[in-house]
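Could you put together the complete structure from these sequences and hints?
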Amino acid sequence: MLREELLVDLEKKKNLLKEKSDAEIYAKTKALEKKNLKYLEEKEKQITAEIKKENIEYLKERENTIKAEAIADLEREKEGLKEEMRRELETKEQLKKTELWAELEKEKNLLKEKSDAEIYAKTKALEKKNLKYLEEKKEEISAEIEKRNIEYLRERENLIKSEAMVGLEKEKEFMKKNTELELQNKIEEVQISNEEHLKRREKELKAEISGELEKKFYQKLQEEEKQIRKELEEEFNKNLSKTEFEMKQNMEKEVEAKRLRIEEALKKEHNKKLQDQEQKIREKLQNEFEAKQQIMKSEFVADLEREKNLLKEKSEAEFNAKTQSIERRNAEYLKNREKELKAEITGELEQEFYQKLENKEEQMKREIEEEKHKLKSEVEESIKHILEEK
6 MLREELLVDL EKKKNLLKEK SDAEIYAKTK ALEKKNLKYL EEKEKQITAE IKKENIEYLK
66 ERENTIKAEA IADLEREKEG LKEEMRRELE TKEQLKKTEL WAELEKEKNL LKEKSDAEIY
126 AKTKALEKKN LKYLEEKKEE ISAEIEKRNI EYLRERENLI KSEAMVGLEK EKEFMKKNTE
186 LELQNKIEEV QISNEEHLKR REKELKAEIS GELEKKFYQK LQEEEKQIRK ELEEEFNKNL
246 SKTEFEMKQN MEKEVEAKRL RIEEALKKEH NKKLQDQEQK IREKLQNEFE AKQQIMKSEF
306 VADLEREKNL LKEKSEAEFN AKTQSIERRN AEYLKNREKE LKAEITGELE QEFYQKLENK
366 EEQMKREIEE EKHKLKSEVE ESIKHILEEK
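Under this note's numbering, the first residue of the sequence shown carries the number 6, and numbering increases by one thereafter.
Possibly wrong hints are sitting among the right ones.
Said to hold, decoys possible - No more than 25 Å apart at the CA atoms, straight line, and that leaves these computed lysine-lysine pairs for DSS-like:
hint: 1; residue 1: 50; residue 2: 40
hint: 2; residue 1: 65; residue 2: 285
hint: 3; residue 1: 273; residue 2: 379
hint: 4; residue 1: 39; residue 2: 25
hint: 5; residue 1: 43; residue 2: 33
hint: 6; residue 1: 43; residue 2: 65
hint: 7; residue 1: 111; residue 2: 258
hint: 8; residue 1: 57; residue 2: 285
hint: 9; residue 1: 133; residue 2: 258
hint: 10; residue 1: 48; residue 2: 58
hint: 11; residue 1: 25; residue 2: 35
hint: 12; residue 1: 133; residue 2: 231
hint: 13; residue 1: 258; residue 2: 277
hint: 14; residue 1: 57; residue 2: 43
hint: 15; residue 1: 50; residue 2: 65
hint: 16; residue 1: 48; residue 2: 35
hint: 17; residue 1: 111; residue 2: 235
hint: 18; residue 1: 25; residue 2: 48
hint: 19; residue 1: 273; residue 2: 258
hint: 20; residue 1: 137; residue 2: 152
hint: 21; residue 1: 33; residue 2: 17
hint: 22; residue 1: 33; residue 2: 57
hint: 23; residue 1: 235; residue 2: 133
hint: 24; residue 1: 35; residue 2: 50
hint: 25; residue 1: 50; residue 2: 39
hint: 26; residue 1: 58; residue 2: 137
Unchecked claim - What follows is a set of in silico ranges between Cβ atoms, one per label pair, in the way DEER data are often shown:
hint: 27; residue 1: 363; residue 2: 111; range: 50 to 60 Å
hint: 28; residue 1: 277; residue 2: 84; range: 24 to 34 Å
hint: 29; residue 1: 266; residue 2: 300; range: 43 to 53 Å
hint: 30; residue 1: 285; residue 2: 99; range: 52 to 62 Å
hint: 31; residue 1: 258; residue 2: 62; range: 49 to 59 Å
hint: 32; residue 1: 364; residue 2: 277; range: 13 to 23 Å
hint: 33; residue 1: 284; residue 2: 111; range: 51 to 61 Å
Think of the hints as simulated: they come from the structure by calculation, not from any bench. Glycine included, each C-beta is placed from N, C-alpha and C at the ideal position.
In structure tokens form, the structure reads like this:
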């Protein structure tokens, strides 16, 4: 009976101790779980901050390195393209200058031939017209001279006859003794002398009139020739200016078309290179990020393993199930958190990278536009210089 009571008391004490022990174990487990959760959260925050800090620093360094390399490559390509474009434009400009000189020389020769032909034709027509006018004028002058000569001869003849009659009358009075034959001879000599004088005077008058008419004719011919040459020269200069203006416009159009083609080709090539470099940078960053992430995962797993072993030494039996649950939860949380951090970091870096890339592209576009404007100004100055030399 006493033994049974003792056994019952022992059983009660045992149950009480067991309950107390279970309660203490439960309380300790809860406290340990709480402590471990707090420790894991702090450790997670610390590791996440370190990972984020290291990732940001590493990515910034890699980004700066890659950007510096990309900028150096772009600068080298830009210098090469500028040099190539400059050489191509110089070659094109030289060819255009040669073609322009040849075309201008050809046009000048054609206009000169045309001008000479027109001048020759107009001169011939004018000469023909003047010859016709001169012939008509000569006929009129000859008729007038002949008429005047006839009148003069008649007057002279009448005068001579009257003088002769007077002389004859006088001679008849003073030379009644002369024979009729001598008188006749005297009359004939006087008539011959009068005819020679009339012929000589007629030649002198004709020479004077012809000289004055010829002088007036050639003076008028020179004035008309000067006027024709002036008109043809004005027309030639007008046609030449028009031709030069048209050739200048055509050349400017060709240069502008060439510039647009080169600009389009450079844009396409530049965009393609930017896309290729962007893709390479993305792949490189992605690979490096994944490698870094894998290393950090391994380190984090190793840290967790060490913590797990420490906790396992303290309370392996009670803590095992809880640790597995915590590990799964932590792994899921870390995975989600890792994705979020990766998305945030990648998004920020990509946004910053693309912003800087766009700024660099805008700067390069401005530089290309300035270079094209400079080349266009040089081409226009060259054309202006050529036209001024001509």
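Status of each hint after checking the structure:
Restraint check for residue 50 and residue 40: the C-alpha separation of about 15 Å stays at or below 25 Å, so the hint holds. Taken as a hint, the residue 65 and residue 285 pair is honoured in the structure, with Cα atoms around 17 Å apart against an allowance of 25 Å. With a C-alpha separation of about 22 Å, the suggested pairing of residue 273 with residue 379 holds against the 25 Å cut-off. A threshold of 25 Å between alpha carbons decides the hint, and for residue 39 with residue 25 the separation of about 20 Å falls inside it, so the pair holds.
For the proposed pair residue 43 and residue 33, the alpha carbon gap of about 15 Å is at most 25 Å, so the pair holds. Pair hint residue 43 plus residue 65 does not hold up; C-alpha atoms about 32 Å apart against a cutoff of 25 Å. About 22 Å separates the Cα atoms of residue 111 and residue 258, which keeps this hinted pair within 25 Å; it holds. With a C-alpha separation of about 23 Å, the suggested pair residue 57 and residue 285 falls inside the 25 Å cut-off, and the hint holds.
Of the pairs offered as hints, the one joining residue 133 and residue 258 is violated, with about 49 Å between alpha carbons and a cut-off of 25 Å exceeded. Distance check on the hinted pair: residue 48 and residue 58 sit about 15 Å apart at the alpha-carbon level, within 25 Å; holds. The suggested pairing of residue 25 with residue 35 holds, with an alpha-carbon distance near 15 Å, which does not exceed 25 Å. For the proposed pair residue 133 and residue 231, the alpha carbon gap of about 17 Å is at most 25 Å, so the pair holds.
Distance restraint check for residue 258 and residue 277: the Cα-Cα separation of roughly 28 Å exceeds the 25 Å cut-off, and the hinted pair is therefore not satisfied. The straight-line distance between the Cα atoms of residue 57 and residue 43 is roughly 21 Å, inside the 25 Å bound, and the hint therefore holds. Proximity of residue 50 to residue 65 is assessed by CA-CA distance (about 22 Å); at most 25 Å being required, the pair is judged to hold. A distance of roughly 19 Å separates the Cα atoms of residue 48 and residue 35; the hinted pair therefore holds under the 25 Å criterion.
The straight-line distance between the Cα atoms of residue 111 and residue 235 is roughly 22 Å, inside the 25 Å bound, and the hint therefore holds. Proximity of residue 25 to residue 48 is assessed by CA-CA distance (about 33 Å); at most 25 Å being required, the pair is judged violated. Between residue 273 and residue 258 the CA atoms are separated by roughly 22 Å; this keeps the pair inside 25 Å, and the hint holds. Pair hint residue 137 plus residue 152 holds up; C-alpha atoms about 22 Å apart against a cutoff of 25 Å.
A distance of roughly 23 Å separates the Cα atoms of residue 33 and residue 17; the hinted pair therefore holds under the 25 Å criterion. With a C-alpha separation of about 35 Å, the suggested pair residue 33 and residue 57 falls outside the 25 Å cut-off, and the hint is violated. A hinted pair counts as satisfied when its Cα atoms are at most 25 Å apart, and residue 235 with residue 133 qualifies at roughly 21 Å. Restraint check: the Cα-Cα separation between residue 35 and residue 50 comes to about 22 Å, which is no more than 25 Å; the hinted pair holds.
Taken as a hint, the residue 50 and residue 39 pair is honoured in the structure, with Cα atoms around 16 Å apart against an allowance of 25 Å. As the CA atoms of residue 58 and residue 137 are separated by approximately 111 Å, the hinted pair breaks the 25 Å bound. A beta carbon spacing of about 51 Å between residue 363 and residue 111 agrees with the range 50 to 60 Å that was offered as a hint. A beta carbon spacing of about 18 Å between residue 277 and residue 84 contradicts the range 24 to 34 Å that was offered as a hint.
Separation of residue 266 from residue 300 is about 51 Å and conforms to the stated range, judged on CB atoms against 43 to 53 Å. Roughly 40 Å separates the CB atoms of residue 285 and residue 99, a value that falls outside the hinted 52 to 62 Å. Taken as a hint, the range 49 to 59 Å holds for the pair residue 258 and residue 62, whose Cβ atoms sit roughly 56 Å apart. A hinted range of 13 to 23 Å for the beta carbons of residue 364 and residue 277 is consistent with their spacing of about 20 Å.
A C-beta distance of roughly 54 Å is found between residue 284 and residue 111, which places it inside the suggested range of 51 to 61 Å.
Checked against the numbered hints listed earlier, the structure breaks hints 6, 9, 13, 18, 22, 26, 28 and 30; every other hint is satisfied.
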